[in-house]
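For reference, the chains in residue letters:
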Amino acid sequence: MPMKTFILTNKKKFILAGLAIALSVSSCQEYLDVEPQDKLNSDQVYRDVFDADAAIIGTYGKFMQLAEKYVLLNELRADLMATTRNSDPEMIALSEHAVTADNRYANPKDFYEVIQNCNDNLKNFDIMLAEKKFTQTEYNQRYSDIGALRTWVYLQLGIHYGSVPYITEPIENLDDVRDTALYPRIPFEELIDELVAFTEGFSYTSPYSTDSSLVINVDGYNTAKFFINKECLLGDLHLWDNNYTQAAIHYKNVMETGTMSGNDSERFDTYRVKFAEVATNNDLAVGYLRFREQDRLALIDNNSQGWRSMFARDRDVLWNTEWIWSLPFDSNFAPKNPFINLFSNQGGDYLVKPSQRAIDLWEDQTQRNGFPYDARGKRFSYNVIGGDEVIMKYLYKFLDPVTQTPIDLFQTDGEWFLYRAAKLHLRYAEAANRDNQSRIADALLNFGIQSEYTVPGVTDKTDIEQTFEPFPYNFDARAGDFPRFRADWHRNGGIRGRAYVERAEVVGDSVISIENNLIEEAALELAYEGNRWGDLVRIALRRNDPSFLADRIYEKLNAEGNAQAGSVRTKLMVRENWYLPFVWNEEE
Amino acid sequence: MALFTNKNLLNINPTRMISIKLNKHYLGLGLLLLGLVSCSEPWEDHAGVNDSNLTLNLNEAISQNSQTSEFGKLLAETGYDRILAASKTYTVFAPTNEALAAVDAPALSSAQAKKLFVANHVALTAFTSVSQQDTVSIEMYSNKYLQFIDGNRIADAQVVDADNYTSNGLYHIIDKGLAPRRNIWEFIKDQAATNDMSAYLMELNAFNLYPRDSVAKANAMPGMQADSLSNSYFTNVYNLNNEKNKYTFFLLDNESFTEETDRLKPYMNRVSEDSTTIYTNYFTTRDLAFHKAIARENLPDTLVSKFGVKVPLTEATIAEEIQLSNGVVYVMSKLEVPLETRLLTTTIQGENPFGFSQSDKRANTFYREKADPQGDVFFDIMVQNHRVPRFTIYYNASNLYTTTYQVYWRAINDIQSNTFQQRVSFGGFISPTDGSLQQPFAELPYTNVEPNTYEEVYIGEFTLDQKGRDALLVSLQAANSATDGVNTLTLDYLKLVPVIK
Chain V
9 MPMKTFILTN KKKFILAGLA IALSVSSCQE YLDVEPQDKL NSDQVYRDVF DADAAIIGTY
69 GKFMQLAEKY VLLNELRADL MATTRNSDPE MIALSEHAVT ADNRYANPKD FYEVIQNCND
129 NLKNFDIMLA EKKFTQTEYN QRYSDIGALR TWVYLQLGIH YGSVPYITEP IENLDDVRDT
189 ALYPRIPFEE LIDELVAFTE GFSYTSPYST DSSLVINVDG YNTAKFFINK ECLLGDLHLW
249 DNNYTQAAIH YKNVMETGTM SGNDSERFDT YRVKFAEVAT NNDLAVGYLR FREQDRLALI
309 DNNSQGWRSM FARDRDVLWN TEWIWSLPFD SNFAPKNPFI NLFSNQGGDY LVKPSQRAID
369 LWEDQTQRNG FPYDARGKRF SYNVIGGDEV IMKYLYKFLD PVTQTPIDLF QTDGEWFLYR
429 AAKLHLRYAE AANRDNQSRI ADALLNFGIQ SEYTVPGVTD KTDIEQTFEP FPYNFDARAG
489 DFPRFRADWH RNGGIRGRAY VERAEVVGDS VISIENNLIE EAALELAYEG NRWGDLVRIA
549 LRRNDPSFLA DRIYEKLNAE GNAQAGSVRT KLMVRENWYL PFVWNEEE
Chain C
4 MALFTNKNLL NINPTRMISI KLNKHYLGLG LLLLGLVSCS EPWEDHAGVN DSNLTLNLNE
64 AISQNSQTSE FGKLLAETGY DRILAASKTY TVFAPTNEAL AAVDAPALSS AQAKKLFVAN
124 HVALTAFTSV SQQDTVSIEM YSNKYLQFID GNRIADAQVV DADNYTSNGL YHIIDKGLAP
184 RRNIWEFIKD QAATNDMSAY LMELNAFNLY PRDSVAKANA MPGMQADSLS NSYFTNVYNL
244 NNEKNKYTFF LLDNESFTEE TDRLKPYMNR VSEDSTTIYT NYFTTRDLAF HKAIARENLP
304 DTLVSKFGVK VPLTEATIAE EIQLSNGVVY VMSKLEVPLE TRLLTTTIQG ENPFGFSQSD
364 KRANTFYREK ADPQGDVFFD IMVQNHRVPR FTIYYNASNL YTTTYQVYWR AINDIQSNTF
424 QQRVSFGGFI SPTDGSLQQP FAELPYTNVE PNTYEEVYIG EFTLDQKGRD ALLVSLQAAN
484 SATDGVNTLT LDYLKLVPVI K
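Protein chains in written order, with our numbering: chain V, 9 to 596; chain C, 4 to 504.
Quick caveat, the hints were computed from the structure, so don't treat them as lab data.
Among these hints, one or two may not hold up.
To be verified - Covered by chain C, according to a simulated footprint, are these stretches of chain V (three or more residues, beta-carbon under 8 Å):
no.: 1; segment: 301 to 314
no.: 2; segment: 374 to 381
Claimed, not checked - Not close to chain V: a few residues of chain C, all C-beta gaps over 12 Å, as computed:
no.: 3; residue: His49
no.: 4; residue: Glu142
no.: 5; residue: Asp178
no.: 6; residue: Thr280
no.: 7; residue: Glu318
no.: 8; residue: Gly378
no.: 9; residue: Asp383
no.: 10; residue: Ile384
no.: 11; residue: Gln387
no.: 12; residue: Asn388
no.: 13; residue: Val391
no.: 14; residue: Ile503
Virtual Cβ for every residue (Gly too), placed ideally from N, Cα, C.
Isolated chain V, as found in the complex (with noise of 0.2 Å):
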């Protein structure tokens, strides 16, 4: 019996070496040059206008995967988020700004992955052009979009790395980018004005239009707020840049987005930070049942109404007059959402929470029924759960809304949060502030334009209620009966006004110390949410004083009763420790 298989096992051979050799002499090569079938080549991409859609959701996917790093990053090595018992020594080393070359969250790779990914388009995008494989007009939004993608990274680049290569050009080796031969590291200064010039060179800076192919539903989402704002990305980089009047304008663009709408709600709620419903509590503010104010029991804390809802809620029409940018991750599709295993718990690994000094923050404000805390602290950006104060804004969907357990360990739907409303007011305000209009920025950081410029005791609101200041700096606040006017700010009530907490009072020079409360608010209405590091490595470089950021993180180590507070204050003096260091293996 195997002698038999034996000899035939040969005999196959035999046949199949004739075979082959037969097959090697003629000449159809295509015989053996099967197309895999879930792969593409590079002739089956970039020949139309969908091929390029298709790129463009791929270049996001692979950004998605940035959003772990993101917030990590942006928070831990920040005041307001701290390690856990659960922590890994690399998770601990960021916030204690003990980064080594090893540690996994300072690997730049992944960013320049990206990079990779949006130059491979846009080097595309031009021969696609050039080969009129799509329009103009196709074009310019496709390029912007892709163009203003690459640009955040890179700031977030510079944010955390300071000096880095700015390379615009698809590369054969991406290990190469470490290269500093090749790729010669240009400090922050510079690559903001690279970003600056390059951004500034678009001609197309509106969102895709709604005609758009990529403007579509698709498994349930609508994917216009998917993509990056390239007027938000604009004004965030002249902020940068200190250049104050710039930045106003284009955020003021995007401020006025619903002002030409024929929809009233549209028009009067898109990105104006509109008050509270007081009636029907069907807002996005702080506020509890109507006249039981004072009972704590009646905080408006639920998954369709109020402050919380905004990270709770479908993509509906009030989550639209907030949310600017924001990208979903859904258990169907890959990539998996980072957020439950970092926050949660329950079904998670718990690696961060807030920290002492955030707690102390919001703890520190009083509400304006007289509550001596911001609800937004231990009411809605993090709860206790089981003993753990828990970061809950990445949770909403996950967690059940009454018993705060896990719906379904599965079903890990969830968001990452990049720019809305209440970032755009404070940044807006921040870059006023700085530009001689500091009353402009106390109104909106406080309770609004119209409670800023109106007259007590005045009917007639024709000539209050508004600034009378040329653009970007014109708001009409006005809301009267006799005569009518319900011009289109009269809904802003201001970022304190609406979470419902006393104002924020100003002592001493008014623009530093309004420039101190909106980076304090910032703290407050957006914690968690990946701005704080910027923020304070922003105002520390404008004001030329490490110290703003430096006080601020020995402040969440020492609250923590953590022996290093002092040196590391010491060394977060010195600007270039504040950056990470710039490597990684080839292997990762």
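Once you've looked at the hints, dock chain C against the given chain V.
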């Protein structure tokens, strides 16, 4: 020999020829190696059991050791020889033959006692003398916990020869037998015939001080010690029968027990003499048990009981000190707790009512969290704009004494600018028809609640003559007005301070 067999096999199997050719060189090398080393048996040396200690199990090792042979006999007698032959891992603290001879006779008087005695020397898993902790608490087979200190002391015995290992664990030879001690509760039980306080505590096996006691007793399991609350004292104070914790207990002798209870009795007046006595005794004894065993030299000037009563120890006299398996009992010939510290102030939190005169005013009821001007946070209740004259909030006060109480409140009127009035009543019942308060025995006058007053305000006094089984009903009543702002109710807390007669 095995190799030849293989070769033959290969020879007759032509399909394997290829592999033989390939491996020829290795085979040659292997043969050479074998030739070189075949004189010794390296694997046998490596893996074989050569340590004679490991050929014996614990039972055999202890019995064969001339120092501990007597304990070995005891193992056989109690059946522990079979347990210690099993393939689990044990630690045995084996007393020397001399030590065993010196053990008090009662500890080995019966088969039962012998078994318990042996069990108190055996523990599951291995405890070596090397440990990172200075004290390791070991649960023995007797369910008693013994302290293994610094690897050379177990309870009050010294380790003579440590870490003798065998195939199923290790044994330490010690210089003293570990006769199992009684726990505090077993000690109290044994005193019941002569000591009044012990006798009283035994009564609480049957008597339920509070309704919850009967539930705990119904769930108690015989034989269980840790979670079995078979006595009212266990439910309400500490489970002195629990081997897993340590306690300090002060047992009064008959004279001082009488002295203490007599002093408290006038404040515990109940319908029947019997129940007055039983509750007087309880309120005396509940302050005499403390968590953790406190050695005599470490006793502080004052201990604070679970209920917040300060027990002064400077004037106290210890008649006897008994070390027990779960702590220490001090028999006291004098331990005086003055009424000033014995009688506790009762505080009723405004935000914890158990009911309202009508249930449809939830929307007007505010559970608030506020800060006073000093920044101290407080929680309180406010009922506003309810339009109901004499709207009432109901509270309970339990464990009151039969004496006069001075009553204070902290009532914060911070969101209105006007002064309003409210009053507090004690006793009576809630009307089953309309929820109103009926027949309170004491009704304090309507008192002003001034705006923005954060201090405690004295609002009057009442006297409780006799206590019933139930908690006392305390009511906070709004002004007799339907006007908003006038009939507001607010309360941070009520404070009832007992007056010494």
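Checked hints:
1. 301 to 314: holds (count 5)
2. 374 to 381: As far as the segment 374 to 381 of chain V goes, the hint holds, because 5 residues have Cβ atoms under 8 Å from chain C.
3. His49: 38 Å, holds
4. Glu142: Check passes; 28 Å lies beyond 12 Å.
5. Asp178: 44 Å, holds
6. Thr280: 44 Å, holds
7. Glu318: Given that every Cβ of chain V is farther than 12 Å from that of Glu318 (chain C), nearest at about 42 Å, it holds.
8. Gly378: Per Cβ check, Gly378 (chain C) is inside 12 Å of chain V; nearest 7 Å; violated.
9. Asp383: It is violated; Asp383 (chain C) is separated from chain V by about 10 Å at its closest Cβ, not greater than 12 Å.
10. Ile384: 9 Å, violated
11. Gln387: 7 Å, violated
12. Asn388: 7 Å, violated
13. Val391: Correct as stated: the minimum Cβ-Cβ distance to chain V is 16 Å, above 12 Å.
14. Ile503: At roughly 38 Å from the nearest Cβ of chain V, Ile503 (chain C) sits farther out than 12 Å, so the non-interface label holds.
In the structure shown, a violation is registered for the earlier hints numbered 8, 9, 10, 11 and 12, in ascending order.
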